[in-house]
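**Q** All chains should be modelled from the sequences, with the hints used to inform the complete structure.
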Amino acid sequence: MADIRSALAGVYEPGRKGAGSGDAEVSIMEVTGRDIVQLAAWPDTVGSVASKAAKPVGVALPSDTRTASSKGKTTVFKTAPEKFLIVCLLKANMGEALGKAFKPEAAVVTELGHSRTIFRVSGPKARDVLARGLPVDLHPDVFARGAFAQSGIHGVATLCHRSGPDQFDLIVPRNFAVVIYEWLKETAAQFGYLVEEAGS
Amino acid sequence: MAGSHRIPNGGRVSHGASTSFTFDGKRFQGLQGDTLASALLANGVHLVGRSFKYHRPRGIFAAGAEEPNALVGLREGARAEPNSLATTVELYDGLVAKSQNNWPSLEFDVSEVNNLFQRFFSAGFYYKTFIGPFEKSWMWYEHIIRKAAGMGEATTQPDPDHYEKVYKFCDVLVVGSGPAGLSAALAAGRAGARVILAEQEPELGGALLSAPKGSPSDQWLSNILGELKKLQNVELLPRTVAWGAYDHGTYTLMEKVADHKPQPDEHEVRQRSIVVQTGRVVLAPGALERPIPFGNNDRPGIMLAGAARTYVNRYGVLPGKKAVVFTNNDSAYQAALDLKAAGIDVTVVEARAEAPSELAASCASASIEVMSGHAVVGANGRMHVRSADVVRFDAKTGASSDVVRQISCDLLCVSGGWNPVVHLSSQRGRRPEFDAKLAAFVPGDPPDNQHHAGAMVGAFSDAGAAESGFEAGAEAAREAGASKSSKTLSTDGLSGADWEQPLAPVWDIKPGEQVKKRKRFVDFQHDVGVSDVELAHTEGYVSVEHLKRYTTLGMAADQGKTSNITGLALMAELTGRSIPETGTTTFRPPYNPVSFGAIAGQETGQHFRPLRRTPLHDWNLKNGAEMINVGAWQRAWYYPKPGEDVDAAYIRETTEVRKTCGMVDVTTLGKIEVQGPDAAEFLNRVYVNGWKLLKPGRARYGVMLRDDGLVFDDGTTSRLSDTHYFMTTTTAEAAAVMSHLEWLLQCCWTDLKVHVTSVTDQYAGLAIAGPNSRGLLQEVFADIDFSNEAFPFMGVRETEYKGMPVRVFRISFSGELAYEVATPSGFGEAVWEALYEAGKGHGLCLYGTEALGALRIEKGHFAGNEIDGRTSLEDLGLGKMASTKKQFVGSIMRQREGIQDENRQRFVGLEPVNPKERLSGGALLHPHNGPHAGHGLGHVSSTTYSPALGRFIGLGLIEGGLERYEGQLIDACYPLKGWVVTCKVVSPHFYDPAGEKQNG
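If you read the protein sequences in the order shown, they are chains Y and P. The working numbering puts the first residue of the first sequence at 1, with every later residue one more than the last. The working numbering puts the first residue of the second sequence at 1, with every later residue one more than the last.
Any given hint might turn out to be false.
[Claimed, not checked] Simulated restraints, written as ranges between beta carbons of each label pair:
| hint | chain 1 | residue 1 | chain 2 | residue 2 | range |
| --- | --- | --- | --- | --- | --- |
| 1 | P | S483 | Y | D137 | 35 to 43 Å |
| 2 | P | R951 | Y | G15 | 53 to 61 Å |
| 3 | Y | E196 | P | P642 | 25 to 33 Å |
| 4 | P | M139 | Y | D137 | 48 to 56 Å |
| 5 | Y | E196 | P | T604 | 24 to 32 Å |
| 6 | Y | G15 | P | D448 | 46 to 54 Å |
| 7 | Y | A80 | P | H928 | 55 to 63 Å |
| 8 | Y | G15 | P | Q232 | 32 to 40 Å |
| 9 | P | P975 | Y | D137 | 22 to 30 Å |
| 10 | Y | G15 | P | N623 | 57 to 65 Å |
| 11 | Y | K91 | P | P993 | 51 to 59 Å |
| 12 | P | Q157 | Y | A80 | 44 to 52 Å |
| 13 | Y | D137 | P | W749 | 30 to 38 Å |
The hints are simulated quantities; they were obtained by calculation from the structure and are not laboratory data. Ideal Cβ positions, reconstructed from N, Cα and C, are used throughout, including at glycine.
**A** Below, the structure written as structure tokens:
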């Protein structure tokens, strides 16, 4: 497989920046090595497709549009009544597997791996950073681990997923990735932040 | 000691922490905990500004956000900020302030001459004075008036500080931190609700902070703050004003994060705009004292009684040595007693016939003279109050005697009662109700999710306010689903004295026949007096809203916090109606002025709106592209060679494309995957032409109409398999088309099994155009047969390049033999680079949007300039494209008579008679040598220099189109510059009209 050029290739710069000098209270990381595939069924097939897809996807598909289901590095979001967004490792060849598993009469598969950039924002101040752009209540009582929301930051459509106690994954359109990267850094500067090496 | 008028160790300020500041260049000392106003008063400075219209000397009148006078310029250079309220500005070491609206100095202001011409500056004076003597007089006066109007001056330098927006969520939002607000937060917090408490001042406590230090209420305050700070679910936000109330529990707050410092710390924001989404709200903002109009009631040294008490008790400042306290209610007695205790000589002028006996007794034992049944009819002294003219007064009839007793004083305190702060309730559309007993508007039944507590609902005693707050907080928490017990509230240490009752409403002290007439001000900030309200009345104004606009009463930064009710009451009296019959003005956000910086937050400069970059953005920049903003995108505009400007570059690029070949980044075109068993049927319904017969591996040009039958968008859509199409849209309409398609599927044709997915970000797009493009692509994508027979015009092929999937479309925007290549975005640069390198052997040039436009104009393709929301298929020459065998969006409405009218403006080409003459986009088309008037016959929509034709050309829309005008001369007029270019109307297809190049 050829190398995928990150949307952040020209600007990504790991290091400790912003206020203070000790451990940064926020970490920002680009999550790489992921593929994103959309599986879209029809009103009369969504139930059967969801159960049948569990095997090729590797995890049971979620039934509601507010909680993701995850196993290992595979996460599935139900983004619309009949649509699932599957984020998995590139090597899973998910698009091909699902294309084989479903005829268009049951569900259609759309490759979206290059269309999104994934940021991981973590640390004790991660929530405070996101609160400066994301109009979503991230209090753990209402947005527990696994919860996700499709909203926006700075005018850019953003899917925010709580992937850990103090850890959020942001899935944003690739062509706006630099804007969100700059926004995250500028907003996190007051707390002090660490840009981690991009990784899986 | 910081200031000559400071009480040793008095007040709640830090006497150990002296801070130095300047006012109008003069250096003073203040204390930490001071406001600028208290620090000025501590130095004996009362005169702080000049009034808006008459330039009258003005002093500090209040001790909080209701201050109408003490607007000062703060800071210097890029941080200079006009109209800062001295009464809310926290003092810091090094603070620089200056007075406003005076020249040459605050003490001697030339414009005070305006004061002598008061009768000319009455209500509506602009309208009356500047309409004549000539028709255009206003134009002449306007710039002079504009120069004279306004207060202070904003800096033109960029703001060096950062601002931000924050979203917060809670179950109960509490506004205000007096006894009511704190108790509400405690009740809700104990119940387990998520609570945010917003207090505009730096210190929590509200009115309790105005009680003498060491009062029993101090212990209560300390206890409740201690408990609140321990509650993890309660967030206390001092320095944060709640300024707006909106639908569904949305409230806007503004936090002054670093306004109390010379400048924010590194990485610190200066102000923060907070949007709170809350379940319930407890409003406990308190009440504001109102003045009573009397002659020259605006002189420095005259202030609200509550404010004087605050300066003494909270800031340890003596605002005077000899005070007259003029009141119509009980609350001012507390001020009188506290002033007296601080060593100020006090006389109380009581408008009511009798002072309440208990208070009279307290005054007697404190040696305070109480003059019952009296009123202050006027103040003497110009730069500072020197004495008060006191007359006998009957509060029931408003009659005052002609016998004046002059009482010397250097401080004149006034209390006309208290107005509950109903703003955030009123903002939700709840009309305040008049409470005759309080002679004030109360909020009435709380709107939507609000609860009201404390002085806002007339609970004027500390203990009463706390109890009402606690109850409201507990109820709000319960409604928000917090179920723990709030337990009970201790009010030990809080006074139960209801300090306003019984109040005698007094709205104006009219001087008797023999008494000197002086201006009696209602609204200090806009210099509106009783006489202006009277004038408005005699000129026929009845509605309060009209009164406000005509007299400007209640406008400007304070929005009439101390003047609205008095103005209203005066109007009621004049019209012989009751106050409730007269009505009240509606409050709108913001409660206090909010800086634009806070509202803009991070969205400034480069981040004014998000910038969209194509996957080739970095490469384009690295390779010398000049960029241009196209919607949210930045696109390569042209690639200049040394010495080239945009004209030279695009002409070269256009020429090279036609001669050899060129490559352009077209990623910005909208891309949509259309998938599902009913995809063909779906396209058949959204496009005007037929789609069912298109075979996989083929592309087709399509046009969509809006419901009203006008053209919406166009583009090429390819069939990749029986159930999978790849649609392209224009750059401009990509999002609109996507949501249109989603809407059709979700709301209109729910039976169709089709999904549409935007893949604009998934694929990089590039176009290669020109006679050499075939050879270049054949070299790079060797496993595709690019021969015309194997890969004809409108063909689509898929392949891989070094493991990277590639789709090749043989389509043309330029009229040349051309291809478009789509590859996943992460491979975009690699594929582009491969073609660029290989292209060196094929004469490949790079071209930008300027050349792209020139090529399409030469070819006579319309674009966004022509698909402008007003053109029909026929207007664009596409009438025959519409299928007659099917229905599609817009198929009925396009048949309307008006749209089918042959006289409509239709698409044509334009050739200037002089080939070197440049056409201007937007120029109006008028008959040749005919009248160049009105909207003309049409307009020029696109223009370029055509290297292929060696002349300037244009596209346009003209009534009757080619049928009427082909070959005729027409004048393209650009009235802004007086340009007239005579052109011939020709077919828009200037270049290769037969299509031999693109099809060959």
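**Q** Now tell me, hint by hint, if it's right for this structure.
**A** Evaluation of the provided hints:
no. : hint                         : in the structure
1   : P/S483 to Y/D137: 35 to 43 Å : violated (20 Å)
2   : P/R951 to Y/G15: 53 to 61 Å  : holds (57 Å)
3   : Y/E196 to P/P642: 25 to 33 Å : violated (42 Å)
4   : P/M139 to Y/D137: 48 to 56 Å : holds (54 Å)
5   : Y/E196 to P/T604: 24 to 32 Å : holds (28 Å)
6   : Y/G15 to P/D448: 46 to 54 Å  : holds (48 Å)
7   : Y/A80 to P/H928: 55 to 63 Å  : holds (58 Å)
8   : Y/G15 to P/Q232: 32 to 40 Å  : holds (34 Å)
9   : P/P975 to Y/D137: 22 to 30 Å : violated (55 Å)
10  : Y/G15 to P/N623: 57 to 65 Å  : violated (28 Å)
11  : Y/K91 to P/P993: 51 to 59 Å  : holds (53 Å)
12  : P/Q157 to Y/A80: 44 to 52 Å  : holds (48 Å)
13  : Y/D137 to P/W749: 30 to 38 Å : holds (36 Å)
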